[in-house]
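Chains A and B, in that order, are what the protein sequence lines are. Numbering-wise (the numbering used here), the first sequence opens with residue 34 and increments by one. Numbering-wise (the numbering used here), the second sequence opens with residue 250 and increments by one.
These are computed hints drawn from the structure, not numbers from a lab. If you're wondering where the values come from, they're calculated on a predicted model, not measured in any experiment. Worth double-checking, as some hints may not be accurate.
Anything over 12 angstroms on all C-beta distances counts as not near chain A; from chain B, calculated [unchecked claim]:
id, residue
1, V308
2, H320
3, G402
4, K416
5, E443
6, T451
7, E577
8, P591
9, R676
Cβ-Cβ distance ranges computed for the label pairs, FRET-style [claimed, not checked]:
id, chain 1, residue 1, chain 2, residue 2, range
10, A, R81, B, E579, 53 to 59 angstroms
11, B, T427, A, W95, 56 to 62 angstroms
12, B, P412, A, G80, 35 to 41 angstroms
13, A, F160, B, D471, 35 to 41 angstroms
14, A, R110, B, E577, 47 to 53 angstroms
15, A, S186, B, P686, 55 to 61 angstroms
16, A, G80, B, E577, 32 to 38 angstroms
17, B, G681, A, G80, 37 to 43 angstroms
18, A, G80, B, E579, 37 to 43 angstroms
All C-beta atoms, glycine included, are put in the ideal place defined by N, C-alpha and C.
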Amino acid sequence: MNLPSILLWGFVATVVLTGALSASQGMGLSRMSIPFMLGTMVTPNRGRAMAIGVLMHFFNGWIFATVYALAFESLGRATWWLGAAGGLVHGLFVLLTLMPVLPGFHPRMASEQHGPTPARLLQPPGFMALHYGRRTPIVTILAHIAYGAILGSFYQLAM
Amino acid sequence: MSAPPRISDYAIIGDGRAAALISGRGSLDWLCLPRFDSPSVFGALLDPGKGGTFAIRPVGDFTAHRRYVGHTNVLETTFESANGALKLTDFMPVAGSAKRRQLWPEHEVLRRLEATAGEVEIEITCNPRPDYGLAGSDFRNRGALGFRFEHDGWVLMLRSDLPFDLKVEAGKVIGRGTLVPGARYWISLGFAAEEPAVLPMTGDVADERLRETLEWWEGWADRCAYEGPHLEWVVRSALALKLMSYSPSGAIVAAPTTSLPEQLGGSRNWDYRYCWLRDASFTTRALFDLGYHEEAESFLAWLLHATRLSWPELRVLYDVFGNSRLPERELTHLAGYAGSRPVRIGNGAHDQMQLDIYGEVVEAAFQYVQRGGELDRTAARMLVGLGKTVCRRWREPDSGIWESRSELQHYTASKVMCWIALDRLLRLHAAGHVRAPAADFEKARGELRTAIESRGYDESLGSYVSIFDSQEIDASLLLLGLHRYSDPDSPRMRGTCERIRERLGTDGLLYRSVPESDGLTGKEGAFGICSFWAIELRALQGDREGARAEFEHLLTFANDVGLFAEEIDTATGDALGNFPQAFTHIGLLTAARALTENSATPSMVQS
Numbered sequence: 034m035n036l037p038s039i040l041l042w043g044f045v046a047t048v049v050l051t052g053a054l055s056a057s058q059g060m061g062l063s064r065m066s067i068p069f070m071l072g073t074m075v076t077p078n079r080g081r082a083m084a085i086g087v088l089m090h091f092f093n094g095w096i097f098a099t100v101y102a103l104a105f106e107s108l109g110r111a112t113w114w115l116g117a118a119g120g121l122v123h124g125l126f127v128l129l130t131l132m133p134v135l136p137g138f139h140p141r142m143a144s145e146q147h148g149p150t151p152a153r154l155l156q157p158p159g160f161m162a163l164h165y166g167r168r169t170p171i172v173t174i175l176a177h178i179a180y181g182a183i184l185g186s187f188y189q190l191a192m
Numbered sequence: 250m251s252a253p254p255r256i257s258d259y260a261i262i263g264d265g266r267a268a269a270l271i272s273g274r275g276s277l278d279w280l281c282l283p284r285f286d287s288p289s290v291f292g293a294l295l296d297p298g299k300g301g302t303f304a305i306r307p308v309g310d311f312t313a314h315r316r317y318v319g320h321t322n323v324l325e326t327t328f329e330s331a332n333g334a335l336k337l338t339d340f341m342p343v344a345g346s347a348k349r350r351q352l353w354p355e356h357e358v359l360r361r362l363e364a365t366a367g368e369v370e371i372e373i374t375c376n377p378r379p380d381y382g383l384a385g386s387d388f389r390n391r392g393a394l395g396f397r398f399e400h401d402g403w404v405l406m407l408r409s410d411l412p413f414d415l416k417v418e419a420g421k422v423i424g425r426g427t428l429v430p431g432a433r434y435w436i437s438l439g440f441a442a443e444e445p446a447v448l449p450m451t452g453d454v455a456d457e458r459l460r461e462t463l464e465w466w467e468g469w470a471d472r473c474a475y476e477g478p479h480l481e482w483v484v485r486s487a488l489a490l491k492l493m494s495y496s497p498s499g500a501i502v503a504a505p506t507t508s509l510p511e512q513l514g515g516s517r518n519w520d521y522r523y524c525w526l527r528d529a530s531f532t533t534r535a536l537f538d539l540g541y542h543e544e545a546e547s548f549l550a551w552l553l554h555a556t557r558l559s560w561p562e563l564r565v566l567y568d569v570f571g572n573s574r575l576p577e578r579e580l581t582h583l584a585g586y587a588g589s590r591p592v593r594i595g596n597g598a599h600d601q602m603q604l605d606i607y608g609e610v611v612e613a614a615f616q617y618v619q620r621g622g623e624l625d626r627t628a629a630r631m632l633v634g635l636g637k638t639v640c641r642r643w644r645e646p647d648s649g650i651w652e653s654r655s656e657l658q659h660y661t662a663s664k665v666m667c668w669i670a671l672d673r674l675l676r677l678h679a680a681g682h683v684r685a686p687a688a689d690f691e692k693a694r695g696e697l698r699t700a701i702e703s704r705g706y707d708e709s710l711g712s713y714v715s716i717f718d719s720q721e722i723d724a725s726l727l728l729l730g731l732h733r734y735s736d737p738d739s740p741r742m743r744g745t746c747e748r749i750r751e752r753l754g755t756d757g758l759l760y761r762s763v764p765e766s767d768g769l770t771g772k773e774g775a776f777g778i779c780s781f782w783a784i785e786l787r788a789l790q791g792d793r794e795g796a797r798a799e800f801e802h803l804l805t806f807a808n809d810v811g812l813f814a815e816e817i818d819t820a821t822g823d824a825l826g827n828f829p830q831a832f833t834h835i836g837l838l839t840a841a842r843a844l845t846e847n848s849a850t851p852s853m854v855q856s
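Bound-form chain A, shown alone (with noise of 0.2 angstroms):
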């Protein structure tokens, strides 16, 4: 693995899919802040949990990177093509599994069934994460495509 690569381009990508989705969130086509439930884990206090949000998920664009990485270096070549549709299949990722069982460990995510309670009050994100606005779906898949087709475009494989 090209290890600076992957420092390098997944930062970027990273930077792009967070453009991306605060774009749409400053539009109104969707709410969902991906470093607002990240931080939101470990404070309620919203302006710190927007910073700490934000480097942990750079941290997690680090580490999708790498998973990507693996991938191109396993398929011998790492093309903008191949980088969206492992956007593609990342993004569905999210939305079809992730955002489902994030009550689950979200320590201040309310269930759907239950409520909210005292400590738990965030909205969940529901079925595709359609609670957070209609479009939400389609911004993040659009979103975590440009991250892939990043990774793909300019990751060099290792020799």
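Let chain A serve as the given structure and place chain B on it in line with the hints.
Chain B only, in chain A's frame:
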């Protein structure tokens, strides 16, 4: 259709970013989210049919009385009917450190219901109509998570712990049931636009929010340094002013409403959900005098920051983040308050030229420095730039302080404020706070005084006049004394006060100008802030007893919870115009201070 509540029937709650108006009948009829100038979510105030409302009230006939709980912005309305009594407590939670310990919704309206005597049957309707009533309510029942209404990227969540079920009917949440004495119930409405919603809570969490909110407001009110008569009025005005302050930027909006009419059924309906520079110096002075230094400095920081984009020119008004492009348009689908059309959003004054605001901004900064503040290099350069603009443009006609929509004129008050700008800058220069081209500023200041004293004063009237070389009088001339351009006790200023009272006074109130002299048709009421200006000036002239009597008379025109609109209907005493109005309350605060003993020493340095 029944008559709408009078404007004075409303009281305000808020959280420092948005504010709601609730009628004496328990109906939340105005709320724009996420900030003051966002489209309304509840707008029955401007159209009971289309606007949307969130009403809680007993079924059948009842009487109601209300109050704010102590020195807070928590509203308590008590309904009494033949069967019993219901206490409704309304607030939007605010808190300091509590928000670091628990997740809070971006905005929340909490309403607590308590039957205090007998069994009370109540009815509830929550019918938000976003986009100024253009969109309909579309709540969905999400079981344990409450009712959810999603619109245009944001979401409203409604939850309650009432002993009867709420249901969705035609998109609205409605309910009807009976409350028995002793128990307390909550209805909570949460709003989220940016992130996943934090669900609104009832029960113990809501109780805790109420406690924290009461504590926060009481703590804030306790910081009020005012000592003197009419303390309750001063504190209430400060609390109202705080509700109109946008905490993320420090801006203060003129009022949280748009298009409440200056004449019932008339067309003088304007959007006041923006920040005018016009009363910047009085606002700063009032906040400093009350001991709210943090708020005053925050307001000044906003003032200097917001004006940076248009510098070295100034615009008349800005939004809470300093955007000055606020085109006016009419909402033709709304009926208007009591049929007063058109309903306008945006404000046509945004592209007017007003010279007085240069003096206002410089004077505000001058007050800050007088109280020990330091100007950084950028602020100092900005202020000097404003002075240069004054030197370049003071000979031009402008729209004047009242934002006249007729032809531009040479308004005396505008020239005086130009004089104030240069005078204060020269003082700041002399004290080393700014580096100004002193010779140029002194020359222009001298020319301004000559022009004002020769063309802005009429010997035959024995008064300053509102427009150069005319014999018109308006209340803006009171500013000459209040800003100490002219000694309040000078013959010229005394003569001016007499003429103003003669021509514009009625029953202890003042009109701002002779009717229809502003290029618009229709009458308007007496102006609250002008009436307070006259009282302040009277006190500064030494007639403190007379001023006090007038002040106390003027207080009788406030509503039952101490709030003023922009204007007062001289025939009925009712509130007119946008409500509550920050400038009127600022006028009350500065007048109250002028009545106190220690105000014998003017709060501003003599010119």
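Verification of the supplied hints:
no.	hint	in the structure
1	V308	holds, 29 angstroms
2	H320	holds, 28 angstroms
3	G402	violated, 3 angstroms
4	K416	holds, 17 angstroms
5	E443	violated, 6 angstroms
6	T451	violated, 9 angstroms
7	E577	holds, 24 angstroms
8	P591	holds, 27 angstroms
9	R676	holds, 40 angstroms
10	R81(A) with E579(B): 53 to 59 angstroms	violated, 44 angstroms
11	T427(B) with W95(A): 56 to 62 angstroms	holds, 60 angstroms
12	P412(B) with G80(A): 35 to 41 angstroms	holds, 38 angstroms
13	F160(A) with D471(B): 35 to 41 angstroms	violated, 49 angstroms
14	R110(A) with E577(B): 47 to 53 angstroms	violated, 59 angstroms
15	S186(A) with P686(B): 55 to 61 angstroms	holds, 57 angstroms
16	G80(A) with E577(B): 32 to 38 angstroms	holds, 36 angstroms
17	G681(B) with G80(A): 37 to 43 angstroms	holds, 38 angstroms
18	G80(A) with E579(B): 37 to 43 angstroms	holds, 40 angstroms
Violated hints for the displayed structure, listed by number in ascending order: 3, 5, 6, 10, 13 and 14.
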